[in-house]
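Number of protein chains: 2
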Amino acid sequence: MALIVMKFGGSSVGDAERMKRVANRVVQTKREGHQCVVVVSAMGDTTDDLIDLANQLTEQAPAREMDMLLSTGEQVSVALLSMAIQQFGEQAVSFTGWQAGIHTEEVHSKARITDIQPARIHRALEGGSIVIVAGFQGMTASGEITTLGRGGSDTTAVALAAAIEADVCEIFTDVDGIYSTDPRIVKVARKLQEISYDEMLELANLGAAVLHPRAVEYAKHYNVKLVVRSSFNQNPGTLVKEEATMEQGIVVSGIAYDKNVARISLLGVPDKPGQLATVFGALATEQIDVDLIVQSGVIGGLADFSFTVSLGDLQKALQVIEAIKPKVEFRAATSETDLVKISIVGAGMVSNPGVAAKMFETISALGISIQLVSTSEIKVSCVIDIARQNDVVRALHTAYGLDTSEQAFVGGPQDRR
Amino acid sequence: MALIVMKFGGSSVGDAERMKRVANRVVQTKREGHQCVVVVSAMGDTTDDLIDLANQLTEQAPAREMDMLLSTGEQVSVALLSMAIQQFGEQAVSFTGWQAGIHTEEVHSKARITDIQPARIHRALEGGSIVIVAGFQGMTASGEITTLGRGGSDTTAVALAAAIEADVCEIFTDVDGIYSTDPRIVKVARKLQEISYDEMLELANLGAAVLHPRAVEYAKHYNVKLVVRSSFNQNPGTLVKEEATMEQGIVVSGIAYDKNVARISLLGVPDKPGQLATVFGALATEQIDVDLIVQSGVIGGLADFSFTVSLGDLQKALQVIEAIKPKVEFRAATSETDLVKISIVGAGMVSNPGVAAKMFETISALGISIQLVSTSEIKVSCVIDIARQNDVVRALHTAYGLDTSEQAFVGGPQDRR
Numbered sequence: 001m002a003l004i005v006m007k008f009g010g011s012s013v014g015d016a017e018r019m020k021r022v023a024n025r026v027v028q029t030k031r032e033g034h035q036c037v038v039v040v041s042a043m044g045d046t047t048d049d050l051i052d053l054a055n056q057l058t059e060q061a062p063a064r065e066m067d068m069l070l071s072t073g074e075q076v077s078v079a080l081l082s083m084a085i086q087q088f089g090e091q092a093v094s095f096t097g098w099q100a101g102i103h104t105e106e107v108h109s110k111a112r113i114t115d116i117q118p119a120r121i122h123r124a125l126e127g128g129s130i131v132i133v134a135g136f137q138g139m140t141a142s143g144e145i146t147t148l149g150r151g152g153s154d155t156t157a158v159a160l161a162a163a164i165e166a167d168v169c170e171i172f173t174d175v176d177g178i179y180s181t182d183p184r185i186v187k188v189a190r191k192l193q194e195i196s197y198d199e200m201l202e203l204a205n206l207g208a209a210v211l212h213p214r215a216v217e218y219a220k221h222y223n224v225k226l227v228v229r230s231s232f233n234q235n236p237g238t239l240v241k242e243e244a245t246m247e248q249g250i251v252v253s254g255i256a257y258d259k260n261v262a263r264i265s266l267l268g269v270p271d272k273p274g275q276l277a278t279v280f281g282a283l284a285t286e287q288i289d290v291d292l293i294v295q296s297g298v299i300g301g302l303a304d305f306s307f308t309v310s311l312g313d314l315q316k317a318l319q320v321i322e323a324i325k326p327k328v329e330f331r332a333a334t335s336e337t338d339l340v341k342i343s344i345v346g347a348g349m350v351s352n353p354g355v356a357a358k359m360f361e362t363i364s365a366l367g368i369s370i371q372l373v374s375t376s377e378i379k380v381s382c383v384i385d386i387a388r389q390n391d392v393v394r395a396l397h398t399a400y401g402l403d404t405s406e407q408a409f410v411g412g413p414q415d416r417r
Numbered sequence: 001m002a003l004i005v006m007k008f009g010g011s012s013v014g015d016a017e018r019m020k021r022v023a024n025r026v027v028q029t030k031r032e033g034h035q036c037v038v039v040v041s042a043m044g045d046t047t048d049d050l051i052d053l054a055n056q057l058t059e060q061a062p063a064r065e066m067d068m069l070l071s072t073g074e075q076v077s078v079a080l081l082s083m084a085i086q087q088f089g090e091q092a093v094s095f096t097g098w099q100a101g102i103h104t105e106e107v108h109s110k111a112r113i114t115d116i117q118p119a120r121i122h123r124a125l126e127g128g129s130i131v132i133v134a135g136f137q138g139m140t141a142s143g144e145i146t147t148l149g150r151g152g153s154d155t156t157a158v159a160l161a162a163a164i165e166a167d168v169c170e171i172f173t174d175v176d177g178i179y180s181t182d183p184r185i186v187k188v189a190r191k192l193q194e195i196s197y198d199e200m201l202e203l204a205n206l207g208a209a210v211l212h213p214r215a216v217e218y219a220k221h222y223n224v225k226l227v228v229r230s231s232f233n234q235n236p237g238t239l240v241k242e243e244a245t246m247e248q249g250i251v252v253s254g255i256a257y258d259k260n261v262a263r264i265s266l267l268g269v270p271d272k273p274g275q276l277a278t279v280f281g282a283l284a285t286e287q288i289d290v291d292l293i294v295q296s297g298v299i300g301g302l303a304d305f306s307f308t309v310s311l312g313d314l315q316k317a318l319q320v321i322e323a324i325k326p327k328v329e330f331r332a333a334t335s336e337t338d339l340v341k342i343s344i345v346g347a348g349m350v351s352n353p354g355v356a357a358k359m360f361e362t363i364s365a366l367g368i369s370i371q372l373v374s375t376s377e378i379k380v381s382c383v384i385d386i387a388r389q390n391d392v393v394r395a396l397h398t399a400y401g402l403d404t405s406e407q408a409f410v411g412g413p414q415d416r417r
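Going down the list, the protein sequences come from chains E and F.
Sequential numbering of the first sequence, starting at 1, is according to our numbering.
Sequential numbering of the second sequence, starting at 1, is according to our numbering.
Chain E with its partners taken away, still in its complex shape (with noise of 0.2 Å):
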């Protein structure tokens, strides 16, 4: 006997026959002889339609009355899941966040659980019920009930998952586990059988969204056992945990693909000390994320630096950098979209040299010019030409052996509350 946190996204349960679907495979699960946690985000449309509403009444609406509209969503979900469970015949309970006890911070909207008592869920539990719980909300010590905002559902199934010790956290998807890229660009994407937290993470955040990095983050340091499979078929889907087994001579795991990525360039900047300081410490003040940084050799005591910043910051960005630029004193700053950043991603690449030179001479053989590279200890990113981003994610999936000749099960879009 097992103890199984299950979570099934929005889409998951979007109508009565979804709904009812879910709870068959729960029940299934039960009466394989586990004790199941069941964790579900609001039907379908119902936080957008929510969002509507609210959108119609205020301009700006207050965030503590967002998540008190919003966390109806899950509380409809986990009710309706519960009654469909009961109608097959076995016990289920279902607990808003504060009834499952977990606590958050006093922030509203994007709250970070502080803590879980679960007693409630044991007790629930012990007496042989299935509990369901509305994922994506906790409650306050002063008894406000908070959101977790995005990937909140991932990160209560974790969280709760790590709080009662449960054996493992299966994430349902729309999709059958992790690919080694977007099945849609390559039609011989390889589905993992495991990878490491970290290469998730770096594969989460590059935008393959399937598990909400926080989640993966709170795997990661609760040690949770994490497999993300299809709530459409009985597939062993990706097990996701601290080592992954390596595959024979598979050095890197996934291919990722980031389109959000504009490039700055700063021209012409004077060789003196703390230019970069200034630059990128104006830039934080303001809330920008950079990615990516790239410095040029000092050719007559003058340097050229690039980086990149998300589409929604360039304009901001590009402020920052004329208000600095009396201080600076650089040339000229350009601008570029129209971009993509292509990462390998691989637990294995450390100890293996040659990965990176491999991917820079694959994407030359396309005659294709790297704009900017970054490196880590088990990623290698080059932005490009967004026109060529196909073409690159096709060659170097070949070219580190990651086809196969299965085609991947991908089904319809999969909502990341």
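Source of the hints: derived by calculation from the structure; they are not laboratory data.
Hints may be right or wrong, so weigh each one.
As the list makes no split between identical chains, a pair holds if one copy fits it or if it spans any two.
Claimed, not checked - Straight-line C-alpha distance at most 25 Å; calculated SDA-like pairs for lysine to any residue:
#  : residue 1 : residue 2
1  : 225       : 210
2  : 259       : 326
3  : 20        : 286
4  : 20        : 46
5  : 191       : 168
6  : 110       : 91
7  : 20        : 58
8  : 20        : 66
9  : 20        : 49
10 : 110       : 232
11 : 220       : 16
12 : 187       : 387
13 : 110       : 87
14 : 325       : 277
15 : 20        : 55
16 : 20        : 56
17 : 20        : 60
18 : 225       : 162
19 : 20        : 52
Dock chain F against the given chain E, drawing on the hints supplied.
Quick look at chain F alone, frame taken from chain E:
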């Protein structure tokens, strides 16, 4: 400065425009210098939509999960109303039932309020906020969410008014106040300025569905001053309080009718002790409410007697009667539907002989036979053929001097949750 509880039903907050109108009204009241606690129901059809969802999943929804589900309706309303009020520039804070300190029995779908701990409401009021409380819901000592059943939001408002010692509890509806009878039948029905709790109870129980009887009982018990008024205009409405000031020459305050009535007659019942106890004991065991009971005189050792039950209970009541036939040994049982119970209600009746007689005369003058009669200190009820209902209501309204020259203001149908 007064402390005012304001209650708005589901149709008053049915969409964003109506929600804004309610917000505006509350803000105006606050700006007149009052402290406001607002109780709201779920928006328009929300509750029905949630029940539909449940019915798609289960044949018999468990009451606990139904409460979990339905209580979200009011939570959505309070969050949105708080946003709408803040948009007008006033401070506001919404509370669920449990946040407002509303404690109930450990019973689902029709819990009674056991006590209210209003510390959090007082703190918010002292901080200058308008407080918005979800009607219809509370929490048990073991942390379960409960709902209060029909008329629950009225009860929440009155119970809160008692707990915080409010100066008045205003119930906003689609009509201008309490009328001397249904203005759809009698165009010259009179709006009552005042009415006593007891009269209101008789009228509410008899189908003048503006205030739920439970809320009126609660108001009477805690001596809460109630005002029933329109959410569409500033008219003063009807004041419900302990002793209404007698209006000149008015002994009958109102005329009510109830179509939900069926008559059962037992014919040829042997006259021996305990017969009535046997019949009504058996009906009570089956939870069948019996209203009027009339026994004829005894002729030849045999009596006839008749009583009324609600239409929904008729078949079950007849089965009960059949089952006890061997014991009671009556000759035959008959039943009749297509009836209406018409009642005159007035606290002044007790000290005015001839009030009942005038009712019988008025009905006789129309050539209508009275099937059953019952009287109490403030009420006389007659059961007659439903086809003549409107004729009788109009004739009585005129006979007791209730007609006015003004036309009643009547809005759309009012929900009674």
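Violating hint indices (sorted, rising): 2, 3, 10 and 11
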